[in-house]
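*Asks:* Sequence:
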Amino acid sequence: MKVALDAQLSVGTATGIGEYACGLAGALRRRGVEVLELRDSRLDPWRFDRRLLWDQAILPLRARRSGADVLHCVAGTVPWSGGLPIVVTVHDLAWHGAQRHAPSYARYYFGRFSLRRYRRAAAIVVDSNFSRQELFALMPDVDSTRVHVIYPGVAADFCDLERSTGDGLTILAVGTIERRKNLEVLVRALSLLKNSRLIAVGPQTPYAGECARLAERLGLTGRIDMRGYVPRDELIGLYRTCAVAAVPSRYEGFGYAAAQALCAGLPCVVADRSSLPEVAGGDARVVGVDDPEAWASALALALTGRDDARAAGARARARARFSWDACARRIEAVYANSIDR
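The opening residue of the sequence shown carries number 1 in the numbering used here; numbering runs sequentially from there.
The hints are simulated quantities; they were obtained by calculation from the structure and are not laboratory data.
Mixed in with the good hints, there may be bad ones.
Between beta-carbon pairs, the in silico distance windows are [claimed, not checked]: (1) D167 <-> R65: 16 to 22 Å; (2) G305 <-> D44: 42 to 48 Å; (3) Y108 <-> L301: 29 to 35 Å; (4) N195 <-> P140: 48 to 54 Å; (5) G305 <-> G222: 21 to 27 Å; (6) I339 <-> N195: 56 to 62 Å; (7) P140 <-> L61: 32 to 38 Å; (8) L192 <-> D141: 16 to 22 Å.
Model, not experiment: these values are computed from the prediction.
Glycine included, each C-beta is placed from N, C-alpha and C at the ideal position.
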């Protein structure tokens, strides 16, 4: 089997989808699948015009010329013309609600246009049961046999890291600092905790400035470190030494930061919204998304070491649930069915 895989979002500063592409490609190769990772480093994947050019012109052309049996579009967009069976991974459906602040042309392309293209895909992979339910709400007539819930994997360097105690006072938040990630509730919770500090890593939007101004008003400036995007080694180091991970998002199609924390053996607190309780699987504390007092109470338990044994026990379960080898095995079967359709 020969698979053309859209790896364009691994160009430059790779975020969650870039990690997904690389992790899946490696696991498929270990299973003997021939994988062609299609990308063009000359095109900035974060510029809308370059992304559109890649998605709708260059990607389908290269896929057809590659001699692949199937094209896997892992970034949630599908070319208008394919020429071979297409499998699409839909990581979330935020463009249909949670991304209301985005420009209208982006909302149309990543939202309504992409939704119509999903009808032409041979198969649709979603990262969670939550996303599956959302997809059916938006596409009630879609053939349910074409929709597959397959959890992504977490990379081995997170699963295998050795935890250290660090200072026992640091809260870690990972992800783009944008409004739906709800960093504000952690800032307010921090004001209720003594001595602890918050490190937030991930690309920043204007919302990061709002959070910084809130921290200043609350007298927390020296206790909050918004680092922006950090190299992988630094991120792994933070998972190793921080006392607890916090994922307060209002909306996540999967919640990669929670999965990484669980696989790293790091105590974790998540919001009671979208896919996060599903990803937590009973192994993380779940609290009200907009309740700073509840966040402070849950984080305090972790900061005093009371969740360490729970996190250690959860680690093996998380590594089994979020395994790239298991993910690749199931996606290979999806490819085979798509080719045979």
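*Asks:* If a hint holds in the structure, say so; if it does not, say that too.
*Replies:* Results of checking the hints against the structure:
no., hint, result
1, D167 <-> R65: 16 to 22 Å, "violated (54 Å)"
2, G305 <-> D44: 42 to 48 Å, "holds (44 Å)"
3, Y108 <-> L301: 29 to 35 Å, "violated (44 Å)"
4, N195 <-> P140: 48 to 54 Å, "holds (51 Å)"
5, G305 <-> G222: 21 to 27 Å, "holds (24 Å)"
6, I339 <-> N195: 56 to 62 Å, "holds (58 Å)"
7, P140 <-> L61: 32 to 38 Å, "holds (34 Å)"
8, L192 <-> D141: 16 to 22 Å, "violated (48 Å)"
Comparing the model with each numbered hint stated earlier shows that hints 1, 3 and 8 do not hold.
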